[in-house]
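Trainee: Based on the provided sequences and hints, a complete structural model is requested.
Chains as they are written, first to last, in the numbering used here: chain A, 1 to 281; chain B, 1 to 281.
Hints listed in this document are in silico derivations from the structure and should not be mistaken for laboratory results. This structure is a prediction, so every number in the text was calculated from the model and none was measured. Please note that a few of the clues may not be correct.
[Claimed, not checked] Here are the simulated DSSO-like cross-link-like pairs (lysine-lysine), alpha carbons at most 30 Å apart as the crow flies:
(1) A:Lys276 - B:Lys93
(2) A:Lys93 - A:Lys6
(3) A:Lys276 - B:Lys123
(4) B:Lys123 - B:Lys6
(5) A:Lys93 - A:Lys123
(6) A:Lys42 - A:Lys276
(7) B:Lys93 - B:Lys123
(8) B:Lys42 - B:Lys6
(9) A:Lys6 - A:Lys276
(10) A:Lys123 - B:Lys276
(11) A:Lys120 - A:Lys93
(12) A:Lys93 - B:Lys123
(13) B:Lys42 - B:Lys276
(14) B:Lys120 - B:Lys93
(15) B:Lys120 - A:Lys276
(16) A:Lys6 - A:Lys42
(17) B:Lys276 - A:Lys120
(18) B:Lys276 - B:Lys6
[Stated by the list, open to error] Partner residues aside, some chain B positions facing chain A, computed with beta carbon under 10 Å:
(19) Ala145
(20) Pro235
(21) Val245
Where a beta carbon is used, it is the ideal one built from N, C-alpha and C, also for glycine.
Protein chains: 2
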Amino acid sequence: MSLDLKVKAEAFRAMHVGGTPLVLPNAWDAVSAKLFEAAGCKALATTSAGIAYALGWPDGERIPRDAMVAAVGRIVRAVDVPVTADMEAGFAKDVEGLAETVRAIIDVGAIGLNIEDSEKETKQLYDIPLAVERVRAVRSAAERAGIPLVINARSDVFLLGVGDPSERVGLAAARLNGYRRAGADCLFVPGVRDAETIGALVRAVEGPLNVLVGPGTPPVAELQRLGVARVTIGPAAAHAAMTVVRRVGEELLGRGTYGFLEGAITYPEMNALMGKRRLDA
Amino acid sequence: MSLDLKVKAEAFRAMHVGGTPLVLPNAWDAVSAKLFEAAGCKALATTSAGIAYALGWPDGERIPRDAMVAAVGRIVRAVDVPVTADMEAGFAKDVEGLAETVRAIIDVGAIGLNIEDSEKETKQLYDIPLAVERVRAVRSAAERAGIPLVINARSDVFLLGVGDPSERVGLAAARLNGYRRAGADCLFVPGVRDAETIGALVRAVEGPLNVLVGPGTPPVAELQRLGVARVTIGPAAAHAAMTVVRRVGEELLGRGTYGFLEGAITYPEMNALMGKRRLDA
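Mentor: The structure is reproduced here in structure tokens:
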């Protein structure tokens, strides 16, 4: 497996360069992963929020790390494409804990991970030296495991609204460039949606930029013109699915009708999809 | 817990009488369960297919029993309403295996289960004496556990197309009435959708009838007039959700747009829903 994982990680890293944004749907269980793979994705991300919801928790490292890792493993086993894991802020403050998280996701076959630079309880950014040290710890742990893990270092400068809006590109870039030098492969800034700021970030960061889709985000073609390397949707697909589940419940328990049956994927289709073996399984 | 479970099981049993059909949405993970509960259901069923898909398997007892039971447990822990488990044909042929399954789902807090009368590999009905014996084994195991488990005995006469169509109501009723005498609380016939046959089954079976919703099934109000006691939707809500997931993948990877964001449930809403504690937790 180790050789396979190395090859998979390198293949995934290579998808971040070349001018065409890598579009990663975010899966939360085996079936969402299978459906995205069938739709033609080259690789998959996970969504920490979606996984947490499915297993009974809110987002934000409330779910035990082992349960999150096991869910990542089920997604990895469901598909042939590379899978990068949203492990939030690494489920640990200290570098030893981060190393355990890295080891755990490599053990279940993930070839990348997100690492955030703010603390869950306080919603404060880690000081830059510590944040950089945390990225370095992830890289070291991956090296010790012998896997060229693709590290997506995330800065929460925009998400938490740190500093004056006019300063945020600079604040985020200073952090992200530090993370890049510490071993990050891709630099992730959620909370940015306007073309101007995205363009400024692309110019300011010294590595591939990951943009998170939300209301108002320019379409992928426009993100490509802006120089974005990677596009993810966070829990948006999970939210779309859950919106439908809510609607099914309301229709069934309210009017007592079954409009939700119309145009739906069928039982034989689903069983055929889920019964398809992985190439290497 | 044992006393709570007894009370819950009795409350659930009482929902099967009184003229208003008990409408049970079928959940496959903690979040679908929470959404159905928020929509106002009085109780929940699970869907074996939906659970299997989410964890990486096709339907039909391909998933290990322990994984299915654990998923039922996560659903139980997510909600306050009673939960009945779709355990297919009990994940066992012999009565000892059935007893283990009963014990396992009671241990995770389910207060009811489905038990089917056909064999998974052969897709053949069990002979009547054995099928009756299997229901009796489920009842005995529940009694040994001290829980008045609500047994939903299912006959696959219509699903498998056994016998001449004109004889099926009689064939199914003969089986179901045997299961009823062996300790079943509710009698389930999937594969029947027309009002005439449903009405004939209501008259022919000596207990509450469970109808499975599919294309063409009369609305709940009409099922009530026909005397149906319980209405379930199997994997229909899971299929509706998965249809949306497929559409999200196709839009994102195809046109590179994000129409799936429109009108979707939000991150704060989802976290509030998932953060809500159970009344007894």
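Trainee: Determine for every hint whether it applies to the structure shown.
Mentor: Status of each hint after checking the structure:
1. The suggested pairing of Lys276 (chain A) with Lys93 (chain B) holds, with an alpha-carbon distance near 26 Å, which does not exceed 30 Å.
2. Proposed proximity of Lys93 (chain A) and Lys6 (chain A) is supported: the alpha carbons are some 27 Å apart, at most 30 Å.
3. At most 30 Å may separate the alpha-carbon atoms for a hinted pair to count; Lys276 (chain A) and Lys123 (chain B) meet this at roughly 21 Å.
4. This hinted pair does not check out: Lys123 (chain B) and Lys6 (chain B) have alpha carbons roughly 34 Å apart, beyond 30 Å.
5. Between Lys93 (chain A) and Lys123 (chain A) the alpha-carbon distance is near 13 Å, which keeps this suggested pair within the 30 Å criterion.
6. With a C-alpha separation of about 18 Å, the suggested pairing of Lys42 (chain A) with Lys276 (chain A) holds against the 30 Å cut-off.
7. At roughly 13 Å between alpha-carbon atoms, Lys93 (chain B) and Lys123 (chain B) fall within 30 Å of each other, so this suggested pair holds.
8. The hinted pair formed by Lys42 (chain B) and Lys6 (chain B) meets the criterion: a straight-line CA distance of about 17 Å does not exceed 30 Å.
9. Only pairs whose Cα atoms come within 30 Å are accepted, and Lys6 (chain A) paired with Lys276 (chain A) is accepted, the gap being roughly 25 Å.
10. For the suggested pair Lys123 (chain A) and Lys276 (chain B), the alpha carbons sit about 21 Å apart, so the restraint of at most 30 Å is met.
11. Between Lys120 (chain A) and Lys93 (chain A) the CA atoms are separated by roughly 10 Å; this keeps the pair inside 30 Å, and the hint holds.
12. Distance hint between Lys93 (chain A) and Lys123 (chain B) is unfulfilled; the C-alpha atoms sit about 53 Å from each other, more than 30 Å.
13. Between the alpha carbons of Lys42 (chain B) and Lys276 (chain B) the distance comes to roughly 18 Å, so the proposed pair stays at or under 30 Å and holds.
14. Of the supplied pair hints, the one linking Lys120 (chain B) and Lys93 (chain B) holds, its CA atoms being roughly 10 Å apart against a limit of 30 Å.
15. For the suggested pair Lys120 (chain B) and Lys276 (chain A), the alpha carbons sit about 19 Å apart, so the restraint of at most 30 Å is met.
16. Annotation: proposed proximity of Lys6 (chain A) to Lys42 (chain A) holds, straight-line Cα distance about 17 Å (limit 30 Å).
17. Note on Lys276 (chain B) and Lys120 (chain A): the hinted pairing holds, with a Cα-Cα distance of about 19 Å set against a maximum of 30 Å.
18. Distance hint between Lys276 (chain B) and Lys6 (chain B) is fulfilled; the C-alpha atoms sit about 25 Å from each other, no more than 30 Å.
19. Here the hint on Ala145 (chain B) is broken, as its CB sits about 24 Å from the closest CB of chain A, past 10 Å.
20. The closest approach between the C-beta of Pro235 (chain B) and any C-beta of chain A is roughly 6 Å, which is under the 10 Å cut-off, so the hint is satisfied.
21. Interface hint at Val245 (chain B): satisfied, since its Cβ lies 5 Å from the closest Cβ of chain A, which is below the 10 Å cut-off.
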